[in-house]
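These protein sequence lines map, in sequence, to chains A and B. Position 58 of the first sequence, counting from 1, maps to 58 under the numbering used here, and the rest follow consecutively. Position 85 of the second sequence, counting from 1, maps to 85 under the numbering used here, and the rest follow consecutively.
No wet-lab data here; the hints were simulated from the structure. Given the structure is predicted, the values throughout are model-derived calculations rather than measurements. All residues carry an ideal CB built from backbone N, CA and C; glycine is no exception. All the pointers check out, no bait thrown in.
Covered stretches of chain B (chain A as the covering partner; in silico rule of three or more C-beta atoms under 8 Å from a C-beta of chain A): (1) 38 to 49; (2) 92 to 100; (3) 103 to 110.
Okay, here's what each chain looks like letter by letter:
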Amino acid sequence: GNSVTQMEGPVTLSEEAFLTINCTYTATGYPSLFWYVQYPGEGLQLLLKATKADDKGSNKGFEATYRKETTSFHLEKGSVQVSDSAVYFCALSPANTGNQFYFGTGTSLTVIP
Amino acid sequence: NAGVTQTPKFRVLKTGQSMTLLCAQDMNHEYMYWYRQDPGMGLRLIHYSVGEGTTAKGEVPDGYNVSRLKKQNFLLGLESAAPSQTSVYFCASRWMNTEAFFGQGTRLTVV
Numbered sequence: 001g002n003s004v005t006q007m008e009g010p011v012t013l014s015e016e017a018f019l020t021i022n023c024t025y026t027a028t029g030y031p032s033l034f035w036y037v038q039y040p041g042e043g044l045q046l047l048l049k050a051t052k053a054d055d056k057g058s059n060k061g062f063e064a065t066y067r068k069e070t071t072s073f074h075l076e077k078g079s080v081q082v083s084d085s086a087v088y089f090c091a092l093s094p095a096n097t098g099n100q101f102y103f104g105t106g107t108s109l110t111v112i113p
Numbered sequence: 001n002a003g004v005t006q007t008p009k010f011r012v013l014k015t016g017q018s019m020t021l022l023c024a025q026d027m028n029h030e031y032m033y034w035y036r037q038d039p040g041m042g043l044r045l046i047h048y049s050v051g052e053g054t055t056a057k058g059e060v061p062d063g064y065n066v067s068r069l070k071k072q073n074f075l076l077g078l079e080s081a082a083p084s085q086t087s088v089y090f091c092a093s094r095w096m097n098t099e100a101f102f103g104q105g106t107r108l109t110v111v
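Chain B extracted, bound-state conformation (with noise of 0.2 Å):
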């Protein structure tokens, strides 16, 4: 099994671009999330997903918006990219009250 893939690995945007990250997994789990990973502040959620057509705001949501139209699909958009989004983003997914599988990570810097 892949388990929790993103896509892309890495990107550099300027500043106003916009894009969109792809979290996928082969888990059948139902939640999904997205965090942000900054220096010294660890890992801050962004959004999620208890299921398919679901989604929900986490502890830092503005400026991103999100989309699972598909269980094994959870994406992340950026409409306007600004340099406070510069970060690594991390996807899970987890079944109920299960441990979480992270995906690698997508180091994305704005410029």
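If we strip away everything but chain A, and leave its shape as in the complex, we get (with noise of 0.2 Å):
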């Protein structure tokens, strides 16, 4: 079946630390990834996506890599900020059976300064 395993948190850094978040799947064929943010309060907005093997996805500093070989996309950040401080979530939507949506735990992640 589809799933997705995502790092559980919570994560503390502090400003410009370096974020990784892991995300691994499980798909048949070759599904489009999706990294979301959710910040207090809100709905949750698409941040960056990959809808094959090796694209990147990127979008405000942040990067994901779409690995075919280890299931993987990962989301990166070189520098976090204060306002970084949020809901991540990773997602898959299926190559063959486009109409459902799989979602990982998130992982809530606060920037102290």
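Assemble the dimeric complex from its two separately framed chains, guided by the hints.
Right, dumping it as structure tokens:
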């Protein structure tokens, strides 16, 4: 079946630290992969996406590379800011059954000054 | 464009009462979804629709009903609310195999 496994939080970092949030997936074929961000009291917003193997999605200093060989889509940022404090969700959309959308459980990030 | 709009944003219900949550999207998306978000459990799919007039059960459908009479609207109904349905509800829509767009959420408390 299809599933997403995300590293558990919460994660607390100091400002300007390096961020990695691990995400691995199980799916047949070549799913599309996404990272969403949820700021307090808000809905989910798309952060970045990748639709095929070796694609790198990037936005607002965040990056993630679609690794087929390790079935991973880890989120990274070189220098986090206090404003990056949020919950981050990894998600996938299977290649052949595009009506479904699978989410990880979310990772809470707090960045302290 | 307004994107995905959920109504209402907040609601308090008494046990046994009924209510309907409305989700409206103006992006002509075929697929629409209802999720609930609970602490420590991420997003769980309640029901979804792949087009006007169609609905399907998700991971946690019990106690909920849905309808998609118009392509742009997806309604989530609670016939007899229970405290276990206290949650934040999110609607999302998407076009085929693209990213999903989310509403701002409805915070529901059942007392």
